[in-house]
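Undergrad: Residues per chain are reported as follows:
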Amino acid sequence: MPLSSSFLFKGLSESQLQRLTAAVNEIQVQKGQWLFQEGKIGDRVYVIKSGAVEMLTKVNGEYELPIKIIRSKGGCFGTSALVPPHQYSLSAKCAEDATLLEIGREDLEKISTEDSALGCAIMQNLAQHLLARLKETRQELKIHFKTLFRSMHT
Amino acid sequence: MQQTNQFQMEQQSGITLLHIQGDITAHSEPVILEAYKKVDEQETAQKILIQFEEDAYINSGGIAVLIQILAHTQKKNQAIGITGLSDHFKKIFNMVGISKFAGIYNTVEDAITAMS
Numbered sequence: 002m003p004l005s006s007s008f009l010f011k012g013l014s015e016s017q018l019q020r021l022t023a024a025v026n027e028i029q030v031q032k033g034q035w036l037f038q039e040g041k042i043g044d045r046v047y048v049i050k051s052g053a054v055e056m057l058t059k060v061n062g063e064y065e066l067p068i069k070i071i072r073s074k075g076g077c078f079g080t081s082a083l084v085p086p087h088q089y090s091l092s093a094k095c096a097e098d099a100t101l102l103e104i105g106r107e108d109l110e111k112i113s114t115e116d117s118a119l120g121c122a123i124m125q126n127l128a129q130h131l132l133a134r135l136k137e138t139r140q141e142l143k144i145h146f147k148t149l150f151r152s153m154h155t
Numbered sequence: 025m026q027q028t029n030q031f032q033m034e035q036q037s038g039i040t041l042l043h044i045q046g047d048i049t050a051h052s053e054p055v056i057l058e059a060y061k062k063v064d065e066q067e068t069a070q071k072i073l074i075q076f077e078e079d080a081y082i083n084s085g086g087i088a089v090l091i092q093i094l095a096h097t098q099k100k101n102q103a104i105g106i107t108g109l110s111d112h113f114k115k116i117f118n119m120v121g122i123s124k125f126a127g128i129y130n131t132v133e134d135a136i137t138a139m140s
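Protein sequence lines correspond, in order, to chains C and F.
Under our numbering, the residues of the first sequence are numbered 2 to 155, in order.
Under our numbering, the residues of the second sequence are numbered 25 to 140, in order.
Just so you know, the hints here were simulated from the structure itself, not pulled from any lab data.
Heads up, some of the hints might be wrong.
Said to hold, decoys possible - The calculated label-pair distances, taken between Cβ atoms and stated as ranges, are: (1) F:E65 - C:R151: 15 to 21 angstroms; (2) C:K147 - F:E67: 24 to 30 angstroms; (3) C:R134 - F:Q32: 26 to 32 angstroms; (4) C:G12 - F:E34: 43 to 49 angstroms.
To be verified - Footprint (simulated), chain C over chain F, 3 or more residues, beta carbon under 8 angstroms: (5) 78-90; (6) 116-130.
All figures in this text were calculated on a predicted structure; none of them were measured in a lab.
Idealized CB from N, CA, C, for every residue including glycine.
Start from the sequences, fold in the hints, and give me the full structure.
TA: Rendered as structure tokens:
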């Protein structure tokens with residue numbers, strides 16, 4: 002599976018993708034296995050080759066609220082590792098047996114430093130993705146406000 | 025990626041069954057509200073059973089949409105049940121308190137028996 006199918010690596014040239022592919026490690030994970038926990042140091046980014054991964058956030062330390070499931074080939078997660086303070090903003094749990102491609106943050110930073118155009122393209126793709134996520138979060142907030150206002154005015 | 029949802033309605037034993045296809049997220053709000061509006065126009069709107077697809081994923085945005093629907097049903101004294109949830113989501117619905125306002129059933133048959 003080419004890395005170009007991931008939003009994070011969209012628009013990169015063949016040679017840039019080849020350099021990244023050389024830094025990729027393929028891993029197998031089983032359903033139920035945790036990949037990382039929210040708040041922990043983010044040292045790698047993952048791309049789904051097959052299977053599914055669920056992203057969750059802990060509420061009041063009591064339960065894990067479902068945020069997203071990534072089922073598509075090329076689906077990318079763990080991207081908060083790429084920006085300071087390099088902490089995962091969500092937890093990731095394998096929802097179906099999966100084959101993942103992992104890329105270490107330090108490797109990615111090294112390649113980005115050597116090829117600033119590649120680094121710039123990745124950051125632009127990441128910003129676009131985060132903007133879409135922000136828009137969805139705002140939409141969710143609006144739904145909660147509508148429910149709240151309706152209950153206050155009836 | 026933005027998901028699209030579809031819904032179908034049917035009547036069974038004085039209950040309006042609302043089948044909802046697809047993952048439920050904040051983007052599902054217009055479709056779910058439209059579905060509820062249509063259900064609310066039915067004579068059997070006092071008892072509503074929402075049936076999700078077994079592999080449907082319901083995220084925090086989808087839970088917000090369901091809470092919005094539950095607020096409507098509470099206001100109108102409508103009984104509401106939910107079926108088609110995986111064990112994962114049954115557990116989550118219990119934890120977030122949705123099960124206090126809606127009956128959670130394993131099958132449509134169980135729901136109809138309990139809600140009739």
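Undergrad: Look at each hint and say if it fits the structure.
TA: These are the hints, each one checked on the structure:
1. F:E65 - C:R151: 15 to 21 angstroms: Once the Cβ atoms are compared, 19 angstroms apart, the range 15 to 21 angstroms for R151 (chain C) and E65 (chain F) holds.
2. C:K147 - F:E67: 24 to 30 angstroms: holds (27 angstroms)
3. C:R134 - F:Q32: 26 to 32 angstroms: Holds: the Cβ-Cβ distance is about 31 angstroms, inside 26 to 32 angstroms.
4. C:G12 - F:E34: 43 to 49 angstroms: holds (47 angstroms)
5. 78-90: holds (count 8)
6. 116-130: holds (count 3)
The structure shown violates none of the earlier numbered hints.
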